[in-house]
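Same order as they appear, the protein sequences are chains A and B.
Quick note on numbering: numbering that gives the first Met the number 0 labels position 102 of the first sequence as 101, and the sequence is numbered without any gaps.
Quick note on numbering: numbering that gives the first Met the number 0 labels position 331 of the second sequence as 330, and the sequence is numbered without any gaps.
Any given hint could turn out to be false.
If you want the footprint, here are the derived chain A segments under chain B, 3+ residues with CB under 8 Å [claimed, not checked]: (1) 34 to 46; (2) 88 to 95.
So the derived label-pair ranges between C-beta atoms look like this [unchecked claim]: (3) Ile337/B - Ser236/A: 36 to 46 Å; (4) Ile109/B - Ser141/A: 44 to 54 Å; (5) Ser175/B - Thr14/A: 48 to 58 Å; (6) Ile337/B - Thr181/A: 49 to 59 Å; (7) Ile117/B - Asn170/A: 44 to 54 Å; (8) Leu79/B - Ser141/A: 55 to 65 Å; (9) Thr301/A - Val121/B: 57 to 67 Å; (10) Asn170/A - Phe254/B: 24 to 34 Å; (11) Ser147/A - Asp199/B: 26 to 36 Å; (12) Ile109/B - Asn170/A: 40 to 50 Å.
Residues from chain A shown here face chain B by an in silico Cβ test under 8 Å; the list is partial [claimed, not checked]: (13) Leu2; (14) Ser104; (15) Tyr149.
Since the hints were made in silico from the structure, they are not lab data.
Computed from a predicted structure; not experimentally measured.
Heads up, the beta-carbon is just placed ideally off N, CA and C, and yes, glycines get one too.
These are the residues of each chain, in order.
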Amino acid sequence: MALVEIENLSVEFPTQGGIMRAVDGVSLKLEEGEVLGVVGESGSGKSVTMLALMGLIPFPGRVRADKLAFNGRDLLTISDKDRRKLTGKDVAMIFQEPTTSLNPSFTVGFQLTETLRLHEGMDRKAAERRAVELLGQVGIPSPESRLSAYPHQMSGGMNQRVMIAMAIACNPKLLIADEPTTALDVTIQAQILDLLISLQKERNMGLVMITHNMGVVADTAKRVMVMYAGQIMEERSADDLFASPQHPYTAALLAALPERSEGGRLATIPGVVPGLYDRPKGCLFSPRCAYATEHSRNVRPTLKPWAGGHIRCHYPLGDPNRDAEIQHDHPVGTEAAS
Amino acid sequence: MAAPPFSVLAMLRFILTRVSLIIPTFIGITLLAFFLIRLVPGDPIETLAGERGIDPARHEQLRKEYGFDKPIIVQYGIYLARVLQGDLGKSMITQEPVLNEFSSLFPATIELALCAIIFALVLGLPAGIIAAIRRNSIFDHGVMGISLAGYSMPIFWWGLILILLFSVQFDLTPVSGRIDVLYYIEPITGFLLIDTLLSDEPEAFWSAVNHLILPTIVLGTVPLAVIARMTRSAMLEVLGEDYIRTAKAKGLSRFRIVALHALRNALIPVVTVIGLQIGVLFTGAILTETIFSWPGVGKWLIDAIFRRDYPVLQGGALLLGVVVMSVNLLVDLAYGLINPRIRHTR
Ligand SMILES: Nc1ncnc2c1ncn2[C@@H]1O[C@H](COP(=O)(O)OP(=O)(O)O)[C@@H](O)[C@H]1O
Ligand code: SF4
Ligand SMILES: [Mg+2]
């Protein structure tokens, strides 16, 4: 039994301008102890996908799926009460902005022991002892004195460590880290990533690392899921993906990595992720894709098995017949580039 | 290193700055009270003499006695010098020291003001919270509509409507005073709600409660409206914060999230607004006491205007000013207590 099973997940937000489809038919399986990287530009639906798994989609968002299960529990039919027993205990999440993610009016100790008292039924003393242990485990110096500190008295990096301590407090089977280092200084970023990886190994916990930075994925994940405009574009093992990306979008993301840029110039993908109004009829990436054809503009590719993973493109980069097919389907190139 | 959660030094410095601000305000009040009352035509001597009038020679003599013949600036100087020595003078009508009159009447005002603010909090906080978590519901629209009406309600008119309805039409509540004339309650605390319970006539308590109902509603309406609206908007803002998402991700109950994690932060602006309402509350108390013949400092001040009782008006305004400033200071300190970020930066 997989730890996480998601089939055909869609999340929609009704807005004034119409229905915003933030997640569009995402399917995903995650085994116990597996590390999955979820990459894509900002606005690709990475956060919303994982918030749906956590049951944290804010009103009036709508979640639909053929299957949404965690550790064998059906999350589509689970009661709110049972759901709360899972959330924060067996599956935990940390966020991009550690400082605003902690409550400014309560001490670190209060916020940390709160989880322990709720899910583990500890009394105050026991919870405090455990909280000190946890703060030590996430690398916070003199943890005892930190219990009475408020979030605004600590740095972003320290606050993220507190968030991590809070998340791992009840030994979750799955930790979702949503851009955990994006808001931090570069030097701190590596420390936090190292911490997450070592905690994951120690506890054999499932880890979903959400990021818009391919570099972060390269350092952490075994398997990578590339998202774009709410859809999965490519999904395969990290090694394969980095060695030979199959989707033009993945390739473009990799080309934008500083260490892969040619002549010191940072390659960026022209254009932006489509929003509510400019969602293309065919392939969602077609307005920005250098290989777009009449066919890909009109017919949306499905996610199909390819090269040991999955890909959503009519012309996978590793397909030997690719050039001929593109020629046959009338290449149009990028709108953004023209 | 974690800073200590509570810095006594910072607190002291804060209080000192605030107290130093009190002095100019204090002088401002003496100036206003002193000159404004003198702009009103007529003087206390004429008022004292009443309908019969007064013989001009005697009038002149009395004016001299009270020092009203001196240039107005000199009069102000003399007054200020006395105030600085702690002498607020005597009422020209009753000959009682102003301070004594004030302190015997003030508990009635405080009792009314406290009841009004408690009324406003008890209804306004839950109404604002529920309106926020049920945003755009009928309840939300209802609360917002009613509070807008309450906010714009002229106190005098509102008081008269309530009297007409509850006292005249249904004969449910008394029209004036603090307690039924049947009872004599020895003042111990000055608060009738407490003194009646300490007395040997506990049923007098209900009479006091009955007398408090309408004035409390009238005086509490504006603060109620303000608190409900402020609580709602503060709650709405706080509920969208990242730390509320964290609280949900921890699996906390909805009640705990709203009542603890959200409310604790939403209360910060609400407390500020309550602090700002204190001054408004005393202004409202003056009107409310006049409508309901409530024997507090508000009615006393209004009567003093009609009698041109200069010392009472000047002293009363000054004492009320001091009270409002002290309460505001207390509210600011409370603000620091509930807002750790402020506490540490001061
Ligand atoms: N509460 C919401 N209401 C409306 N739209 C939302 C909401 N949350 C997210 N979205 C939209 O969903 C899309 C995906 O968002 P998100 O998952 O946060 O992207 P990212 O990949 O950067 O994490 C974005 O276009 C965003 O504007
Ligand atoms: S389907 Fe066409 S437009 Fe879409 S990613 Fe593939 S090549 Fe580009
Ligand atoms: Mg995101």
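Against the structure, the hints:
no.	hint	result
1	34 to 46	violated (count 0)
2	88 to 95	holds (count 4)
3	Ile337/B - Ser236/A: 36 to 46 Å	violated (52 Å)
4	Ile109/B - Ser141/A: 44 to 54 Å	holds (48 Å)
5	Ser175/B - Thr14/A: 48 to 58 Å	holds (57 Å)
6	Ile337/B - Thr181/A: 49 to 59 Å	violated (31 Å)
7	Ile117/B - Asn170/A: 44 to 54 Å	holds (47 Å)
8	Leu79/B - Ser141/A: 55 to 65 Å	holds (57 Å)
9	Thr301/A - Val121/B: 57 to 67 Å	holds (60 Å)
10	Asn170/A - Phe254/B: 24 to 34 Å	holds (26 Å)
11	Ser147/A - Asp199/B: 26 to 36 Å	violated (51 Å)
12	Ile109/B - Asn170/A: 40 to 50 Å	violated (55 Å)
13	Leu2	violated (18 Å)
14	Ser104	holds (5 Å)
15	Tyr149	holds (5 Å)
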